[in-house]
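With the hints as constraints, model all of the structure from the sequences given.
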Amino acid sequence: DTGVSQDPRHKITKRGQNVTFRCDPISEHNRLYWYRQTLGQGPEFLTYFQNEAQLEKSRLLSDRFSAERPKGSFSTLEIQRTEQGDSAMYLCASSLGQGWTGELFFGEGSRLTVL
Amino acid sequence: GQQVMQIPQYQHVQEGEDFTTYCNSSTTLSNIQWYKQRPGGHPVFLIQLVKSGEVKKQKRLTFQFGEAKKNSSLHITATQTTDVGTYFCAGPVGTASKLTFGTGTRLQVTL
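Residue numbers (the working numbering), protein chains in the order written: chain A, 1 to 115; chain B, 116 to 226.
Computed from the model, here is a short list of chain B residues facing chain A with C-beta under 10 angstroms:
1. 213
2. 214
3. 215
Simulated from the structure, these hints should not be mistaken for laboratory data. C-beta: ideal position from N, C-alpha, C; glycine also.
As structure tokens, this is what we get:
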């Protein structure tokens with residue numbers, strides 16, 4: 001079963017360090033999303049790609065966050081100069097289609113702990 | 116502010132009792148989706164509703180989309196311990212291509 005995979009699953013870092021997460025979506029999916037989830041909350045939208053184009057980025061997203069999907073396949077999410085408030089589960093999801101967002105397939109997530 | 120709200124935040128039921136979670140949007144939605152997230156897991160898609168007043172059933176789960184397309188509900192009949200988890204509704208608030216998730220309802224089921 002080639003679902004959405006994320007790496008690493010867990011990352012512990014010290015405040016001020018940079019971290020990078022990778023997401024490999026389902027191969028035929030053209031859309032890729034990054035969400036952030038903290039304990040007891042729903043997933044919060046961060047950014048979204050259609051193929052290699054980053055079409056939307058949350059206005060709440062600090063400029064310390066950057067995401068890429070260089071060849072329209074895997075994606076990376078980098079957080080620079082991490083802060084304790086960045087501690088969360090970072091979820092990647094992919095979907096297929098145009099127009100409306102169809103079913104999102106989520107990965108297992110990358111849990112970030114900033115000390 | 117939060118644009119998709121769910122109530123209740125948490126519900127604890129005895130196995131066999133029914134459960135309902137309600138989802139309300141501040142804006143009209145073109146469609147609404149429901150996801151289930153097991154403890155320690157990731158959200159898993161359950162269903163998508165598109166039409167005003169639509170009702171869909173999946174075994175013991177009944178999903179409804181309101182006539183005004185601003186609210187939805189999920190009803191579980193005769194809960195089982197396997198129903199434990201957090202249920203999220205999600206809709207395209209603002210733009211069609213991104214989903215905004217609700218606040219979620221955590222369901223606990225005990226024997």
